[in-house]
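Working from the sequences, and respecting the hints, build out all of it.
Here the protein sequences line up with chains L and U, keeping their order. Residue 177 is where the first sequence starts when you use my numbering, and the numbers rise one by one after that. Residue 143 is where the second sequence starts when you use my numbering, and the numbers rise one by one after that.
A couple of the hints might just be wrong.
[Stated by the list, open to error] Okay, the calculated bits of chain L under chain U, using three or more residues with CB under 8 angstroms as the criterion:
id : segment
1  : 187 to 197
2  : 200 to 213
3  : 275 to 286
4  : 292 to 304
Hints listed in this document are in silico derivations from the structure and should not be mistaken for laboratory results. A virtual CB, placed ideally from N, CA and C, is assigned to each residue, including glycine.
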Amino acid sequence: MREKIGPWRLTGMATPLAVWAAHFLAVYIMQGLACGEGWQRQRVAGAEMVTWWLLLATLLAFAAIAWMGVWALRCRRRAAFEVRAAGDADRPVATAARRRRFTATLTALVALVAFIAVTFTGIPVLLLPPCA
Amino acid sequence: MSTTTQSPEPIDPLENSARLEELHRIWSNEPGLAGQLKAVNHSTVGMRFILTGFAFLLAGGVLGMFIRLQLAWFDAEVLDPARFNQFVTMHGTTMMFLFAVPILEGFAMYLLPKMIGSRDLPFPRLSAFGYWCYLFGGLFLYSSFLFDAAPDGGWFMYVPLTDSTYSPGLGADFWLIGVTFAEIAAVLAAVELIVLVLINRAPGMDLRRMPLFAWAMLVTAFMIAFGFPPLILASVLLEIQRAFDFAFFEVARGGDPLLWQHLFWLFGHPEVYIIFLPAAGMVSMVIATFARRPIVGYTWIVLAMVSVGFLSFGLWVHHMYTVGIPLLALAFFSAASMAVAIPMGIQVFAWIATLWSGRPWMRLPLLYLLGFFLIFVIGGLTGVMLAMVPLDWQVHDSHFVVAHLHYVLIGGMMFPLFAGLYYWLPMATGRMPSESLGRTAFWMVFIGFNLTFLPMHLTGLLGMPRRVYTYPEELSVQWLNLLSTAAGFVLAVGMVAIAVDVFISLRSGRRAARNPWKAGTLEWAVPFPVPQFNFASIPEVRDRYPLWDRPETDEAANRADGLLGNPVDGRRELLGTGILSAEPEQVIRVSTSTWLPLLAALALSVLLACFIAKWYLAAALMVLPLLALFAAWAWTTGHRQAPVELEAEPGLLLPTQYACRNAPGWWALVVSLLIDGALFASLVFAYFYLWLGTEPWPPDGIATGALGMPLVALGLLAGSAVAAQWAWRALRSTDGDGEPARGRGGFAWLVAALLGAGFIVAHWLALAGPVGAPQAHAYASVVWVLAGFHMVHVAVAAMAALFVMARTRCGFVTAARPLEARVTAALWRYAVAQGLVTWAVIHLFPRMG
Numbered sequence: 177m178r179e180k181i182g183p184w185r186l187t188g189m190a191t192p193l194a195v196w197a198a199h200f201l202a203v204y205i206m207q208g209l210a211c212g213e214g215w216q217r218q219r220v221a222g223a224e225m226v227t228w229w230l231l232l233a234t235l236l237a238f239a240a241i242a243w244m245g246v247w248a249l250r251c252r253r254r255a256a257f258e259v260r261a262a263g264d265a266d267r268p269v270a271t272a273a274r275r276r277r278f279t280a281t282l283t284a285l286v287a288l289v290a291f292i293a294v295t296f297t298g299i300p301v302l303l304l305p306p307c308a
Numbered sequence: 143m144s145t146t147t148q149s150p151e152p153i154d155p156l157e158n159s160a161r162l163e164e165l166h167r168i169w170s171n172e173p174g175l176a177g178q179l180k181a182v183n184h185s186t187v188g189m190r191f192i193l194t195g196f197a198f199l200l201a202g203g204v205l206g207m208f209i210r211l212q213l214a215w216f217d218a219e220v221l222d223p224a225r226f227n228q229f230v231t232m233h234g235t236t237m238m239f240l241f242a243v244p245i246l247e248g249f250a251m252y253l254l255p256k257m258i259g260s261r262d263l264p265f266p267r268l269s270a271f272g273y274w275c276y277l278f279g280g281l282f283l284y285s286s287f288l289f290d291a292a293p294d295g296g297w298f299m300y301v302p303l304t305d306s307t308y309s310p311g312l313g314a315d316f317w318l319i320g321v322t323f324a325e326i327a328a329v330l331a332a333v334e335l336i337v338l339v340l341i342n343r344a345p346g347m348d349l350r351r352m353p354l355f356a357w358a359m360l361v362t363a364f365m366i367a368f369g370f371p372p373l374i375l376a377s378v379l380l381e382i383q384r385a386f387d388f389a390f391f392e393v394a395r396g397g398d399p400l401l402w403q404h405l406f407w408l409f410g411h412p413e414v415y416i417i418f419l420p421a422a423g424m425v426s427m428v429i430a431t432f433a434r435r436p437i438v439g440y441t442w443i444v445l446a447m448v449s450v451g452f453l454s455f456g457l458w459v460h461h462m463y464t465v466g467i468p469l470l471a472l473a474f475f476s477a478a479s480m481a482v483a484i485p486m487g488i489q490v491f492a493w494i495a496t497l498w499s500g501r502p503w504m505r506l507p508l509l510y511l512l513g514f515f516l517i518f519v520i521g522g523l524t525g526v527m528l529a530m531v532p533l534d535w536q537v538h539d540s541h542f543v544v545a546h547l548h549y550v551l552i553g554g555m556m557f558p559l560f561a562g563l564y565y566w567l568p569m570a571t572g573r574m575p576s577e578s579l580g581r582t583a584f585w586m587v588f589i590g591f592n593l594t595f596l597p598m599h600l601t602g603l604l605g606m607p608r609r610v611y612t613y614p615e616e617l618s619v620q621w622l623n624l625l626s627t628a629a630g631f632v633l634a635v636g637m638v639a640i641a642v643d644v645f646i647s648l649r650s651g652r653r654a655a656r657n658p659w660k661a662g663t664l665e666w667a668v669p670f671p672v673p674q675f676n677f678a679s680i681p682e683v684r685d686r687y688p689l690w691d692r693p694e695t696d697e698a699a700n701r702a703d704g705l706l707g708n709p710v711d712g713r714r715e716l717l718g719t720g721i722l723s724a725e726p727e728q729v730i731r732v733s734t735s736t737w738l739p740l741l742a743a744l745a746l747s748v749l750l751a752c753f754i755a756k757w758y759l760a761a762a763l764m765v766l767p768l769l770a771l772f773a774a775w776a777w778t779t780g781h782r783q784a785p786v787e788l789e790a791e792p793g794l795l796l797p798t799q800y801a802c803r804n805a806p807g808w809w810a811l812v813v814s815l816l817i818d819g820a821l822f823a824s825l826v827f828a829y830f831y832l833w834l835g836t837e838p839w840p841p842d843g844i845a846t847g848a849l850g851m852p853l854v855a856l857g858l859l860a861g862s863a864v865a866a867q868w869a870w871r872a873l874r875s876t877d878g879d880g881e882p883a884r885g886r887g888g889f890a891w892l893v894a895a896l897l898g899a900g901f902i903v904a905h906w907l908a909l910a911g912p913v914g915a916p917q918a919h920a921y922a923s924v925v926w927v928l929a930g931f932h933m934v935h936v937a938v939a940a941m942a943a944l945f946v947m948a949r950t951r952c953g954f955v956t957a958a959r960p961l962e963a964r965v966t967a968a969l970w971r972y973a974v975a976q977g978l979v980t981w982a983v984i985h986l987f988p989r990m991g
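As structure tokens, this is what we get:
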């Protein structure tokens with residue numbers, strides 16, 4: 177039952193990078209709309225409005241990935257505790273706990289890579305005007 | 143559910159022999175040529191992919207040598223410009239579509255079931271069909287030479303060069319149809335391999351014990367599922383434009399040639415990693431054996447593969463830096479291109495650490511891996527250079543790019559492939575390759591490769607363009623080119639030496655001991671000669687390296703006293719296990735040898751040949767036999783008396799797939815719908831991309847029309863969804879006593895099908911008036927294709943509904959064996975959801991402006 181959702185499943189493991197993909201697509205589309213259709217080009221607080229939208233999308237992506245990462249770390253801690261408690265290598269309970277620790281670790285690492293990748297995508301938003 | 147693989151007492155040898163004999167009888171291909179043509183077993187099909195892939199490698203290599211001869215000197219006249227264009231196009235196309243992807247899939251089809259403890263692939267007929275599509279697609283492409291109509295638009299077939307105005311012959315048609323035909327194999331293999339890895343692993347092989355090659359193929363198969371559809375769509379759109387004068391890519395009628403580039407590279411860049419990841423999986427398998435220790439950083443390598451699988455989809459525009467895209471957008475892709483270097487680096491460091499901490503055994507496979515490290519790292523570094531926009535602007539379309547891509551592809555794919563070839567050859571043939579001839583071949587390939595492609599970095603930086611049959615003498619690059627050409631022949635001779643080595647090994651090589659490299663993974667537990675069923679009993683796994691953990695596993699694999707060891711039913715059976723836990727969950731019955739895959743592929747070939755010949759009516763008529771064959775295929779899946787449960791071993795009753803939630807058919811549907819969803823998303827992307835460049839939308843002369851008829855169509859679609867759901871619930875509400883629930887839900891399926899047909903008619907009428915002919919404008923073209931795409935889905939769902947109705951009446955589908963109805967109900971839900979999006983895009987979006 178514990179493995180129904182979240183960092184212990186394959187889908188949970190892929191979620192942080194799916195967030196990266198959604199963010200990547202979102203900023204590319206918004207930037208395309210701004211340059212192709214003139215969407216949100218008015219200046220607000222020293223930058224074009226579209227830049228603020230891009231930054232907001234980036235912050236949302238950071239938040240979602242961080243949340244997944246923290247969740248994964250908690251799951252990993254719990255699984256590590258269960259591994260220690262289960263002890264014996266051949267018992268099914270121990271095997272399941274080890275598997276959960278593995279997938280939770282993997283999810284946390286995927287979240288780290290996704291965080292770095294969103295950072296890579298986000299930095300140009302701070303450095304460049306949207307339609308130069 | 144727990145299990146053991148061995149009986150408490152050893153099996154009687156006579157009984158064991160009788161069971162093995164029966165297993166051989168059940169799993170063997172039928173004798174003679176007919177038996178070979180009907181074969182569907184994974185070892186046979188996988189080996190065919192591998193051999194055909196090598197044949198296309200030779201063909202593509204010969205074309206490459208002609209290209210090098212032409213470029214050896216600035217005024218060489220080996221090929222005239224037109225022939226040069228054809229050879230360049232076919233060289234790239236062959237290597238990417240007919241060699242690299244199919245051969246890796248062949249290795250996966252051959253090896254993966256053995257590696258994860260399965261007897262076969264979950265859909266043997268599908269993989270056989272995929273092979274014939276691949277073969278016929280490749281032959282289609284090469285047959286263009288016979289008609290002097292070889293494609294010449296480059297392996298990326300940019301428009302407008304390849305539209306009917308600038309490429310009026312049949313060359314582009316051969317390419318578009320041949321490649322799409324061959325791609326069917328890749329997409330089917332993706333479905334097959336995902337389901338295999340998810341639910342056919344040996345008991346105990348949970349996620350953390352999966353061989354890294356299985357992880358690599360799982361990620362690769364998902365990448366194919368999302369990466370290939372954009373190219374399939376682009377090819378279909380361009381062929382429709384060429385054949386029926388639609389306007390997707392024609393500027394004068396509102397189209398956009400850059401749409402082709404986006405769709406092509408949405409496929410094209412992930413394709414590089416689709417080629418690289420399986421090879422990386424091979425590296426991880428081979429390196430552990432020759433370092434004589436478990437791989438270092440297993441979790442990190444899995445992380446790297448998953449990360450590459452995602453990040454590689456954010457790189458496509460780095461092939462389009464020079465087309466005039468705003469700097470910020472270029473920066474997004476430049477950033478992703480650099481980010482992907484992180485997981486690639488993780489993998490390389492994990493491999494180095496494995497060698498560093500192990501006791502390396504310098505044999506041929508390891509030699510190829512060392513060559514791989516050097517070449518691939520150089521290719522990766524020039525890749526990071528090319529990810530920088532300013533540098534790419536300078537060297538775009540120059541031979542620097544040619545050098546880079548060959549370093550990446552030959553270094554990253556072919557060297558691991560040869561390592562894998564030498565590594566697994568003794569398992570497949572039972573004979574060892576010659577170490578001395580193999581080493582000579584390696585050095586020829588290694589030196590020949592580097593001397594061929596290293597100079598191209600320089601010729602590219604000096605300004606030598608790619609894809610052009612000559613270059614100006616003033617560039618002073620002729621000597622470097624001559625060196626490349628001469629070294630290219632050394633490389634070619636090295637390749638021939640590898641082929642000779644393999645041939646000699648087959649004929650008179652030293653007989654291999656069982657598990658000659660002392661490897662730890664399960665494929666080496668398979669006895670030699672490799673039986674078609676791989677394992678007499680499905681082995682249980684307790685470690686990532688089962689043969690290092692329990693060396694007796696190879697003995698157990700030859701004893702028919704464990705899981706599925708007693709073939710009482712005389713049918714081909716696989717064990718299905720849990721996705722995460724790999725605990726036994728089901729017994730999967732798979733099909734035996736049949737003509738259906740070959741006949742279906744032949745019918746498809748005739749259909750496509752008629753299309754190329756512009757006999758459109760004949761092509762349309764060929765749909766009928768094709769549908770009949772697919773109907774026969776579906777009808778022969780399963781049987782009336784299929785049990786709900788089977789005894790997998792004494793005391794262990796498991797449901798058959800017809801009654802199991804994790805049935806392979808279910809997961810095949812899920813993966814197929816993912817692929818279809820990617821295709822649909824690409825089409826919606828095309829709609830909005832065309833919208834972005836067109837003002838007003840719809841253009842002048844095309845109306846949005848009244849909403850009345852579209853609403854009627856929507857109502858019919860919603861009604862069909864309700865009826866399909868009603869049919870599914872009716873079946874589920876019957877008692878599960880195992881008796882056929884005749885007629886339950888049958889009428890509702892009929893209603894769903896009729897309402898679906900009504901929707902198709904109503905939506906057609908809704909569009910015919912206001913939108914008019916699809917040739918008028920890109921808007922009309924894309925709207926009709928979007929609507930037609932969805933109509934095809936409704937038609938398929940309606941046919942599936944009628945099929946399930948008939949199957950329910952005939953007792954194949956019951957409340958206890960609901961798989962087919964479950965799959966059809968889900969298909970219907972998907973078709974309706976797709977319809978809602980299509981309806982909103984076509985009828986609501988234009989009214990929002």
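Against the structure, the hints:
Remark: the segment 187 to 197 of chain L is confirmed as covered by chain U, as 6 of its residues place a Cβ nearer than 8 angstroms to a Cβ of that chain, reaching the required three. Interface restraint, the segment 200 to 213 of chain L with chain U: holds (9 residues with C-beta to C-beta distance below 8 angstroms; minimum three). Note: the segment 275 to 286 of chain L has 7 residues with beta-carbon separation from chain U under 8 angstroms; the three-residue rule is met and the coverage holds. Check on the segment 292 to 304 of chain L: 9 of its residues sit with their Cβ under 8 angstroms from a Cβ of chain U, so the three-residue criterion for coverage holds.
When the structure is compared with the earlier hints, no violation turns up for any of them.
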